[in-house]
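Peer 1: Heads up, the final residue of the sequence shown is numbered 540 in the numbering used here, and it's a clean run with no missing numbers.
Think of the hints as simulated: they come from the structure by calculation, not from any bench. It is possible that part of the hints are untrue.
[Unchecked claim] Quick list of simulated restraints, FRET-style, between CB atoms:
1) R531 - Y360: 44 to 52 angstroms
2) L460 - L369: 24 to 32 angstroms
3) D511 - G372: 37 to 45 angstroms
4) K427 - Y482: 17 to 25 angstroms
[Claimed, not checked] For lysine-lysine, the following BS3-like pairs were computed, each having C-alpha atoms within a straight-line distance of at most 27 angstroms:
5) K427 - K493
6) K522 - K427
7) K427 - K308
8) K381 - K402
9) K402 - K427
10) K308 - K493
11) K427 - K358
12) K358 - K493
13) K427 - K381
14) K358 - K390
Treat the numbers as computed from the prediction; the structure is a model and nothing was measured. The beta carbon of each residue, even a glycine, is placed where N, CA and C say it ideally should be.
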Amino acid sequence: GGSKYTNRKDIQRYGPNILDDPKLAFSLQHVDIDKEDDENLYPHLISIPYPSNFHYILTNQSFSIHPQRHHHKRYFLSSFIGSLHNGHIFAAARSKIYSQCIQQKDNRRCFFSTYHKDTNIELISYNSTFCLEPAGDTPYRKGLYDAMLAGCIPVIFSQYNAFVAPWHFWPNHHLNSMIIVNETEYIRNDDFNIIDYLASFDTQIIRKMQATIALHSHRLQYAISDYPDDAFDIIIKGAWHTALAREDITWGKII
286 GGSKYTNRKD IQRYGPNILD DPKLAFSLQH VDIDKEDDEN LYPHLISIPY PSNFHYILTN
346 QSFSIHPQRH HHKRYFLSSF IGSLHNGHIF AAARSKIYSQ CIQQKDNRRC FFSTYHKDTN
406 IELISYNSTF CLEPAGDTPY RKGLYDAMLA GCIPVIFSQY NAFVAPWHFW PNHHLNSMII
466 VNETEYIRND DFNIIDYLAS FDTQIIRKMQ ATIALHSHRL QYAISDYPDD AFDIIIKGAW
526 HTALAREDIT WGKII
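Given the sequences, and given the hints that come with them, work out the whole structure.
Peer 2: In structure tokens form, the structure reads like this:
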């Protein structure tokens, strides 16, 4: 539950409540393996993808269909799955997103659902062009991975999620595979309607982003069967290469 984060005295160690500065966001996620000081808080912490609702499995010597690679017509322009998280310091954008979503006369422009046992996250994301993924009880969002693995373009409202899981994402993913909304501008500007903004995107831009996600997003899932370059494979390779690099640095200093 979210309360364990709200009650933590050290919650500010995540960083600022609203993070719109991409340079600061990058510095928070980037780990320099040449760093000499190993005494800082979590000096070797590397973020990895949340386990999503999608896991590939080997059947009859071929992998199950990749949902993000389907070129089907998506019923919803956008969708938002979640709760308001009132009182959580990272959830400032949620109430406005919720309000604008439910005010749509046609729910095909924005479909809203809370999390409950009957919520079919996979099906909703699979049928949405854009998935609204604001922060909640923490700055980070599991739905980012559910969205991408369903072929839905994630819309994020915090730069925290632009540079998360650095080993797993692909070059310029924050530009070619997601929409980043300036959270401060969105909250303060009464005329900023996120649904209208998404509806204004050119079809060709959407298709290019969908194609990029389809090509790379297998890296974000933890496969049930052995799968080259799935999330687990990348974690092992990343840890191995980082350990070797640090060993070379250490021995270089000794010599």
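Peer 1: Hint by hint, say whether it matches the structure.
Peer 2: Against the structure, the hints:
{"no.": "1", "hint": "R531 - Y360: 44 to 52 angstroms", "result": "holds (49 angstroms)"}
{"no.": "2", "hint": "L460 - L369: 24 to 32 angstroms", "result": "holds (30 angstroms)"}
{"no.": "3", "hint": "D511 - G372: 37 to 45 angstroms", "result": "holds (44 angstroms)"}
{"no.": "4", "hint": "K427 - Y482: 17 to 25 angstroms", "result": "holds (24 angstroms)"}
{"no.": "5", "hint": "K427 - K493", "result": "holds (23 angstroms)"}
{"no.": "6", "hint": "K522 - K427", "result": "holds (23 angstroms)"}
{"no.": "7", "hint": "K427 - K308", "result": "holds (23 angstroms)"}
{"no.": "8", "hint": "K381 - K402", "result": "holds (25 angstroms)"}
{"no.": "9", "hint": "K402 - K427", "result": "holds (17 angstroms)"}
{"no.": "10", "hint": "K308 - K493", "result": "holds (25 angstroms)"}
{"no.": "11", "hint": "K427 - K358", "result": "holds (24 angstroms)"}
{"no.": "12", "hint": "K358 - K493", "result": "holds (15 angstroms)"}
{"no.": "13", "hint": "K427 - K381", "result": "holds (20 angstroms)"}
{"no.": "14", "hint": "K358 - K390", "result": "holds (21 angstroms)"}
Consistency note: the structure conflicts with none of the earlier hints.
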